[in-house]
Amino acid sequence: MTAHLVEKGYDVHGYDANADARAQSAADGVTTYDNLEDTIGALDASRTVWVMVPSKYVDDVLTQLRPMLSADDTIIDGGNSFFQDTIRRHNDLQGSQIHYVDCGTSGGVTGARYGASLMVGGQDETVKRHEHIFQDLATGNGYGHVGGTGAGHFVKMVHNGIEYGMMGAIAEGVNILHEHRDGLAINVKEALKPYQNGSIISSSLMNWLADSYNTEGYLEQIAGEVPTGETEMEMEYLIDNENVRILDAAVLQRKLTRLKPSFIGTLISAMRNQFGGHKTINKK
1 MTAHLVEKGY DVHGYDANAD ARAQSAADGV TTYDNLEDTI GALDASRTVW VMVPSKYVDD
61 VLTQLRPMLS ADDTIIDGGN SFFQDTIRRH NDLQGSQIHY VDCGTSGGVT GARYGASLMV
121 GGQDETVKRH EHIFQDLATG NGYGHVGGTG AGHFVKMVHN GIEYGMMGAI AEGVNILHEH
181 RDGLAINVKE ALKPYQNGSI ISSSLMNWLA DSYNTEGYLE QIAGEVPTGE TEMEMEYLID
241 NENVRILDAA VLQRKLTRLK PSFIGTLISA MRNQFGGHKT INKK
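Under my numbering, the very last position in the sequence shown is 284; numbers go up by exactly one each time.
Just so you know, the hints here were simulated from the structure itself, not pulled from any lab data.
Predicted, not measured: the structure shown is a model, and the values here were computed from it.
It cannot be assumed that every hint is accurate.
Ranges of calculated distance between the beta carbons of each label pair, as one might list FRET restraints [to be verified]:
1. Asp59 - Lys193: 42 to 52 Å
2. Thr215 - Asn141: 25 to 35 Å
3. Gly140 - Arg88: 45 to 55 Å
Lysine to any residue pairs mimicking SDA-like chemistry, simulated, CA-CA at most 25 Å apart [to be verified]:
4. Lys8 - Ala26
5. Lys56 - Lys128
6. Lys128 - Trp50
7. Lys56 - Gly29
8. Lys8 - Ala42
9. Lys128 - Asp72
10. Lys8 - His145
11. Lys260 - Glu242
12. Lys128 - Gly144
All C-beta atoms in this analysis are idealised placements derived from N, C-alpha and C, irrespective of residue type, glycine included.
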């Protein structure tokens, strides 16, 4: 996303704890720093700070950031934070007159680089002030100011629930094709072509799974266990509080692969890795 902003003409300053990530960003035109203090110090007031870290680290990052920021600065949380945590953080930062915007982000690595899907929540005035950033980062018609504080992360949570169900259904279906390959001489790669193009189930997920098939030896190296992702806790929240039977089945499907690895687990892991760069469990 930083490379995308540079390409759009923004002056981007950034820090990442990973030295390789800093080097890559520097190569993309980002001015990088070895610590957070120098990064924030390089920004002119009123500052806009985009935080993109795993949800479990957001509070730690905010604790570091808060003493470095001033009234009228804005923090944008572009990760998968739980919406109730987002509301708490917004309320807490209001005491320092620091604005807080939540941005649910989808589209995978490719979307981040060339145009993502952005679900933004926050106060009207603050979001409006930063709307040009969201519009420049988003794919065509892919940005929406979906509601007040917490709404962006809530809408993204529901999006993730839909995604879980879709991935589970795709994996089950393609697994059935595999089980009947011999009896019907099914060529799965060929079967995925009409699935991808012009069919009702055509989607980015189907395209990413097809990419896995078309990369020599890719599926063979992935174990049939779906690791626990950072969004699974949010899915448990939806299961406990909403009528989401398909999501319930999809989460159970993933959990069962941790007890008994399966080809369904391999297919789900392959899709996760293709769109998000998630770590897969390779076969030994």
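Each hint tested on the structure:
1. Asp59 - Lys193: 42 to 52 Å: 46 Å, holds
2. Thr215 - Asn141: 25 to 35 Å: 31 Å, holds
3. Gly140 - Arg88: 45 to 55 Å: Given a distance of about 34 Å, which is not inside 45 to 55 Å, the answer is violated.
4. Lys8 - Ala26: 16 Å, holds
5. Lys56 - Lys128: Given that 25 Å is the threshold and the Cα spacing comes to 28 Å, the pair is violated.
6. Lys128 - Trp50: 16 Å, holds
7. Lys56 - Gly29: 29 Å, violated
8. Lys8 - Ala42: 20 Å, holds
9. Lys128 - Asp72: 14 Å, holds
10. Lys8 - His145: 21 Å, holds
11. Lys260 - Glu242: 28 Å, violated
12. Lys128 - Gly144: Answer holds: Lys128 to Gly144 is near 11 Å, not above 25 Å.
Hint compliance for this structure: hints 3, 5, 7 and 11 are not met, and every other hint is.
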